[in-house]
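Asks: Each chain, written out:
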Amino acid sequence: MMSRHDEPRARDKQPLDGFTPSEGFMDSLVLHALDAAQKAGADYADVRLIEEQYEYIQTKDLLVSGFNKGVSRGAGIRVLKEGGWGFCATQKLTKLEIEKAAKRAVELAAASASCMRSPISLADEPVYSAVWASPHLIDPFSISTEDKLDVLMSSARTILGVKGVTLAQGRLSFVREKKTFASTLGTKLQQTFVRSGCCIEAFATNEMERQRRSYPKHVGQFELAGWEMVQGWDLPGNAQRIAEEAVALLSAPQCPSGQSDLILGSSQLGLQIHESCGHPSELDRALGQEINFAGASFLTPDKLNDLKYGAPIVNLVADATAPGALGSFGFDDEGVAAQKVYLVKDGTFKGYLSSRDTAHLIGLGRSGGSMRAQSWSHAPIIRMTNISLVPGAAGTLDDLISDTDNGILMETNQSWSIDQMRYNFQFSTEIAWEIKNGKRGRMFKNPSYSGVTTEFWNSCDAICGADDYVEWGEPNCGKGQPCQTMWTGHGASPARFRGVQVGTAYS
Amino acid sequence: MLTEEACRKIVDLATHHAGKAVDGIEVHLLGTDVETSRFANNEMTQHQANTIDKLAVRVLSEGRQIRLETDDLSTAGVCAVVDGAINAVKLMEKDQCLLPLPPTDNESEWHSYPDRYEQEVTRITAADRAAAISNMIGVAADNKLSAAGVYASGTNFEALGNSQGLFSYHRETHVECSVTMCGSDSTGWAKAQGPHEKQVNTLELAKRAAFKATSSASPEGVIPGRYTVILEHSAFLDLLAYLWWDFTGTSHLDKRSSLLDKLGEKVFGDNVTIEDDVYHQEQAGCPFDGEGLARKKVTIVENGILRNLVYGRRSASRMGVAPTGHGLPEPNALGDNPMNLVIVGNGATVADMVKSTEKGILLTRVWYVRQVDPARKIVTGMTRDGTFLVENGEISRGIKNLRFNVSLLDILKNVVTVGHARRTAGEEGVPQVVPAMKIADFNFTEVTRF
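Note that the protein sequences, when read in sequence, are chains A and B.
In terms of the working numbering, the numbers along the first sequence are unbroken and rise by one, the last being 536.
In terms of the working numbering, the numbers along the second sequence are unbroken and rise by one, the last being 479.
Derived DSSO-like pairs: lysine-lysine, alpha-carbon spacing no greater than 27 Å straight-line:
{"hint": "1", "chain 1": "B", "residue 1": "K123", "chain 2": "A", "residue 2": "K192"}
{"hint": "2", "chain 1": "A", "residue 1": "K332", "chain 2": "B", "residue 2": "K429"}
{"hint": "3", "chain 1": "A", "residue 1": "K192", "chain 2": "B", "residue 2": "K284"}
{"hint": "4", "chain 1": "B", "residue 1": "K442", "chain 2": "B", "residue 2": "K291"}
{"hint": "5", "chain 1": "B", "residue 1": "K119", "chain 2": "A", "residue 2": "K177"}
{"hint": "6", "chain 1": "A", "residue 1": "K124", "chain 2": "B", "residue 2": "K38"}
{"hint": "7", "chain 1": "A", "residue 1": "K124", "chain 2": "B", "residue 2": "K83"}
{"hint": "8", "chain 1": "B", "residue 1": "K388", "chain 2": "B", "residue 2": "K442"}
{"hint": "9", "chain 1": "A", "residue 1": "K207", "chain 2": "B", "residue 2": "K83"}
{"hint": "10", "chain 1": "B", "residue 1": "K119", "chain 2": "B", "residue 2": "K83"}
{"hint": "11", "chain 1": "B", "residue 1": "K429", "chain 2": "A", "residue 2": "K337"}
{"hint": "12", "chain 1": "A", "residue 1": "K132", "chain 2": "B", "residue 2": "K83"}
{"hint": "13", "chain 1": "A", "residue 1": "K332", "chain 2": "B", "residue 2": "K173"}
{"hint": "14", "chain 1": "B", "residue 1": "K123", "chain 2": "A", "residue 2": "K177"}
{"hint": "15", "chain 1": "A", "residue 1": "K217", "chain 2": "A", "residue 2": "K124"}
{"hint": "16", "chain 1": "B", "residue 1": "K291", "chain 2": "B", "residue 2": "K325"}
{"hint": "17", "chain 1": "B", "residue 1": "K284", "chain 2": "A", "residue 2": "K474"}
{"hint": "18", "chain 1": "A", "residue 1": "K192", "chain 2": "B", "residue 2": "K291"}
{"hint": "19", "chain 1": "B", "residue 1": "K83", "chain 2": "A", "residue 2": "K129"}
The following label-pair restraints were derived from C-beta to C-beta distances:
{"hint": "20", "chain 1": "B", "residue 1": "G250", "chain 2": "A", "residue 2": "G70", "range": "49 to 57 Å"}
{"hint": "21", "chain 1": "B", "residue 1": "N375", "chain 2": "A", "residue 2": "G507", "range": "32 to 40 Å"}
{"hint": "22", "chain 1": "B", "residue 1": "S346", "chain 2": "A", "residue 2": "G467", "range": "49 to 57 Å"}
{"hint": "23", "chain 1": "B", "residue 1": "K326", "chain 2": "A", "residue 2": "F170", "range": "38 to 46 Å"}
{"hint": "24", "chain 1": "B", "residue 1": "P143", "chain 2": "A", "residue 2": "P155", "range": "55 to 63 Å"}
{"hint": "25", "chain 1": "B", "residue 1": "S385", "chain 2": "A", "residue 2": "Q269", "range": "52 to 60 Å"}
Rather than coming from a laboratory, the hints here were simulated on the basis of the structure.
Note that beta-carbon positions come from the ideal geometry of N, C-alpha and C, so glycine has one too.
Next up, chain A with everything else stripped away, as it sits in the complex (with noise of 0.2 Å):
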């Protein structure tokens, strides 16, 4: 096998001179992969040529304790054969490595074909030609060094000034990716997303506690989005609170254990949407394909149209078209175009996250456009969009709050466990305020609830308003063998819920 390091043969040379092959080079490189998969007896092939551009940063007190920038390019080609999927990714963009991956993938494509009970079935999908980019408007990666530092350095600062506060953390995340996929069904397609994220910690410890207060919210916030929306969440502004939050938990007692009424707040419900709903409604999941490592779904095809999955004023859509979040797109990696699908209408289960060689298995007509990869090196696999939950009529916060006589708020998530069917769940979140005759109260520690999927949803009594509605977004969804994660997005606003199970672990 030629190593990396060896000079390329003359046949084998390209306009490969650092970073930015020009794109009528890649254009070919995708059109060569079809070409090659089908001369190597693909029934069908579909190639994504991908290049991302990433900057992590990420600082501790006042160092920075990472700082990585980096270029990840190359091909992800896939085919049937015979009924059997095969897929190889190669970062070797040469025609002639192209050309090896293809038909590499369709060897690997007749191994499958070859212990397969019924052949893989595709649902149509019209054929595109299109071009999508994601909004933004300031260029992340146009930001000096000098100043996405002083963002962190100046909350660390402010943060580390708490008396008390024993350690202060930051991070902030660009991502520009760049996405060709064509298909031997004629579809061809050029996307563009830009993703940042940002996120600041305050730690504080003593003999009995390790507190932490996150902003905006755990691992950080991340959008469809650029620079902006660093400059939106106003870091710096919030370190302050966050610090006297941290040190006040280690002196706050503990939260109760028992039944409780339970406001959640927005980012913590954007969680608990994302594992009671989000991957129960995955499709490959509710058939049983994923039970080996992410588990499988109490939502199977038997309940469609008929489980009350939660109370009359929950509803839950899949929608990969919402502008700003974190797992919108144009199309999907198998050229599906993004729609929004309802998964929980008016209580009653409704819905999957479906791809095109699930769809018929349910009797579907179509794919729901959710098989994403992490990257050019995976497969695509059925993923979340953005499952979020449609704001209701309760007002603000503040509202939903005076509205509630005694109960406990919980905000901003510190853990979650979920079992493999999405029954049982149970959430720690960072900190907790009682709510006693209508106001908030004294701040708990250690806060957690706990419950059964659909008996929680079921005890939904108030969705707040579209003005506490936000499109959170979730950067390391984990899911297939082996592992890749994802980028999903869940709106939500502040909601009530009667009669929970709190504090389950200190019981």
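Assemble chain B onto chain A, guided by the hints.
Replies: Relative to chain A, chain B alone:
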């Protein structure tokens, strides 16, 4: 897959290209050609191959450092990433704790490093994997079950060199199989992973998973509460994943460990001894750390006493001790990590533990283990794929899965019996060498629907 010679050429190219423009340059190469075959519902679902090589360069200049990465390992790509790092490092803040790059490490422990590259693994083909999967599906059919899982094989490599003359290269074969057998109301799971083909017997794994599924059929609920539990190897491994970082220098410097100020103190039961030992015959992984230092064997806990932490160069320097070769690639907020744990075993088998248990619960596997309270080291999680009630020294029946909330500090104080240690793979952390364990007073807080 890059050879040692190819890696050396890239290190030489990068260091030569950087020249005297910086105070030091470190070149880190990682790669894999592991292929993965997936199956579910008694047929293959995915078949993936991806050869990936990645290059990272770290440059040091006037007390500053930066790390840049690329997949482009052509001459132009290597030079471009070095040029980018040289330009960008000037923009970084000065790092008062930054150490110069280390010279060649002459640690003598390397001579005992076992060979973890096996030609037999590299010769496993896609057709071989498909045939093995067919056989596993055959086991499912024989037992009226449905099989799902993964079978992967290939090679990984890592190389690290720097402008001080340090160069280390490691390649290792990788074979892995996990299988879930599904009945109408029960599942069973088994997994193995290692550098050697003989460590992964796919048919034996399928039979074990099928036995778990059939013998846990028609599960009944039990009342949550405190039980004696028998944790099979994978369950014990995955339960403890959140504890390991607490044994690092950085977690103590950051005041985030649950074991602050406990060095030299009794923290666990007498029967708990934990080592980090990359040289152990059943271990896998690279014998050098993120800066190229040889990993040392470290006794972390001895008979329940916290004896040592593990350190990279940065945390060791700040704490005034010698590094142990456990640093993560710089710069890195986590700092260091024990990567090759060996929890010292005893002779007991799982069958012995069952026999000596009047009433308890046997766990095949735990799932979605997450930290609830970092100070008390409380974690929550679920049982999965084979949960059994033990009564009067026998496995009496399968039971519905349970949620637990337990303190890992308490778990290791409540060890009743230590089993035989062996290489074990789970899904919550990296494979390690651990025993099965019998634990008293394990807190189950809820039962789920299946």
